[in-house]
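Number of protein chains: 2
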Amino acid sequence: MEVTARAPGKIILAGEHAVVHGCTAVASSIDLYTSVSLRLRSEGEGTIKLLNDTGLDFSWSIARIKEVLSHLGSPFSSTPTSCSLETVKSLAALVDEKSFPESKIGLASGVYAFLWLYTSILGFKPATVIVSSELPVGAGLGSSAAYCVALSAALLALSDSVKMDVSQKGWFTFKAKAELVNKWAFEGEKIIHGRPSGVDNSVSTFGNVIKFKTGVMTRIDSNMPLRMLITNTKVGRDTKALVANVSARKLRHPGAMSSVLNAIEAISDEWSTIIQSHAVDDLCLSANEEKLAELMEMNQGLLFSIGVSHASIETILQTAMEYKLASKLTGAGGGGCVLTLLPSHVSGAVVDKLVEELESFGFQCFTAGIGGNGVQISFGHSS
Amino acid sequence: MEVTARAPGKIILAGEHAVVHGCTAVASSIDLYTSVSLRLRSEGEGTIKLLNDTGLDFSWSIARIKEVLSHLGSPFSSTPTSCSLETVKSLAALVDEKSFPESKIGLASGVYAFLWLYTSILGFKPATVIVSSELPVGAGLGSSAAYCVALSAALLALSDSVKMDVSQKGWFTFKAKAELVNKWAFEGEKIIHGRPSGVDNSVSTFGNVIKFKTGVMTRIDSNMPLRMLITNTKVGRDTKALVANVSARKLRHPGAMSSVLNAIEAISDEWSTIIQSHAVDDLCLSANEEKLAELMEMNQGLLFSIGVSHASIETILQTAMEYKLASKLTGAGGGGCVLTLLPSHVSGAVVDKLVEELESFGFQCFTAGIGGNGVQISFGHSS
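Those protein sequences? They're chains A and B, same order as listed.
Taken in order, the first sequence gives residues 1 to 383; the numbers are from the working numbering.
Taken in order, the second sequence gives residues 1 to 383; the numbers are from the working numbering.
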């Protein structure tokens, strides 16, 4: 029995950083996915295997896992529970037994999350799990959340507690259990990130657009077709330091900074109004796209003014501007990814030329539709 | 008898564009000057000559000038009066008689202003007037105001109504008559610009720093030594169109734009507080410079967000940023000039390297001290 779950990445459309100071931000799913395929194996094989598309290949005997996790009691609760620090240590011991390539040590916490979610949801059934992803890691596109969401969905789809019609064909959404998937995924995110906001896993689970402010998330139904070019600067950044620098600047220049944050909030509010509006024709769509392009330019200026831009980001802005396309950084800034709005009238040839130019600088480009489905699953029937 | 007057150019330190919407802006003099040398000639020679350092060379017979301006009555009022449209037409006729190089046709209104100020203040005395300038024309550095101020000062210094001690040596300020110089210069600016704000001629006349808001100017005494690199993009721009675009954007995004303008106002207020503070030591100076650099970065982000930056400006910003120096556009934007703060700890070698790099792009660089003297005069005694 095999199931594949795929969960989308996310981008912040507006309001990053300001959200830390109580303002509204708007996030959206993108149609770039992390997929998790889960195949249950016969009991006799006695191992749980985890493979991914970058060459990671782990295998644990069920007996060894049971031994290490025995102090936790069994069976585990089937409702989402947090992984204690003590349990993380036990899981780390399981991972330490394997040789982890130095360059991928940052993924270790993803393996802890895997072991926690797997054993919590499926117990000790032998299986092979294959993870593949279209999302760059650590670039602010929510790759870890997409991984946790896809993993949770795949595990729940084959768990005894969830009854699924496995004869369904093709991709389908996992509506009835979406809340449960989201909660488990959040537990996984906590293992990976410590104190995630919950926005990334919610966007990945439910798809579409989410507005969030002071911890409260509101789902927005957008039917506006919207495409972005996402350019990964490949410049790593320290999100905590960037957030701290903004707070320090706010202390030094309280008047100016609070007005800047108000301006960002107004931009987030305009974004959510525009993408909820129903464009009645191409003219209306095009007018809305122009407004959004202008909002992106404004938001980028404000992000520059709070000090979170970066030379690599500015290079991308300037390059896109030569094609009269508006851009803004997305996420923490200081590197990471840049969004460039691709209005409906822009030809593929123009986009290709822009991508070629950006990639000649060493950047990595993705084109993505905005606000599509959340997590979906598909049953395969390989023996 | 010869007198030379020199008047400084100006930069906007903070608040450009926002000032149009009722916010505070801060302008400062720079130690780059336009000089006007005026030598009275013996009555027998019967001409008024105007020469400048770009090769303009005009000469009118006193008789011809009298003929054209006869309908105005004589003698002229020695208090500053506006030049009527009809008079401008008469002056234009005098200029049209001369061959004006096509490339310098934009300077014609400067010649009208010359003829108006000359005949109003000195009447029909024969003289040679030589204008030279360190200021680029049409780049937002107040070259026309510096010209009108220096010209008015030179004319007033040799007029019968102003009694000067011509035996004074070296440059001296023209304090007692500064208000009169400023008023005459404003009349000249009106001939050149139509509806000038009066800020440029006030800064050029009085020097130092001026804060202005809704038409009210307040002089600020700053003792902070401050140096800027001024880079001229050489990109011409349409100030009226830029101002109109900002207003249109404000109509489209009223919430965000009004917060952006508030942020700019807060930055202007901080600027004027900081430059009025008396730095007690180098450490304090350096802390203030850091604050100003941050304010410039913030202001630039906000100017970008209202849509008045330009690719050439962004190139300069990025180049200066490689040297960890903060910059902002000054004036209308869309080209024009960019300011880069040169903190006291920055070595001449670093500045030279930056200038070399910027000039390799085809830009033109000036280093300037901020907030120095206004108009000054000096008597020569060439026979």
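Fair warning: there could be bad hints in the mix.
Straight-line C-alpha distance at most 20 Å; calculated EDC-like pairs for lysine to aspartate or glutamate [claimed, not checked]:
hint, chain 1, residue 1, chain 2, residue 2
1, B, Lys250, A, Asp269
2, B, Lys66, B, Asp96
3, B, Lys250, A, Glu294
No wet-lab data here; the hints were simulated from the structure.
Tested hints:
1. Lys250/B / Asp269/A: With Cα atoms ~16 Å apart, Lys250/B and Asp269/A stay inside 20 Å; holds.
2. Lys66/B / Asp96/B: Holds - the C-alpha atoms of Asp96/B and Lys66/B are around 16 Å apart, at most 20 Å.
3. Lys250/B / Glu294/A: Roughly 11 Å separates the two Cα atoms, so the pair holds.
Checked against the numbered hints given earlier, the structure satisfies every one of them.
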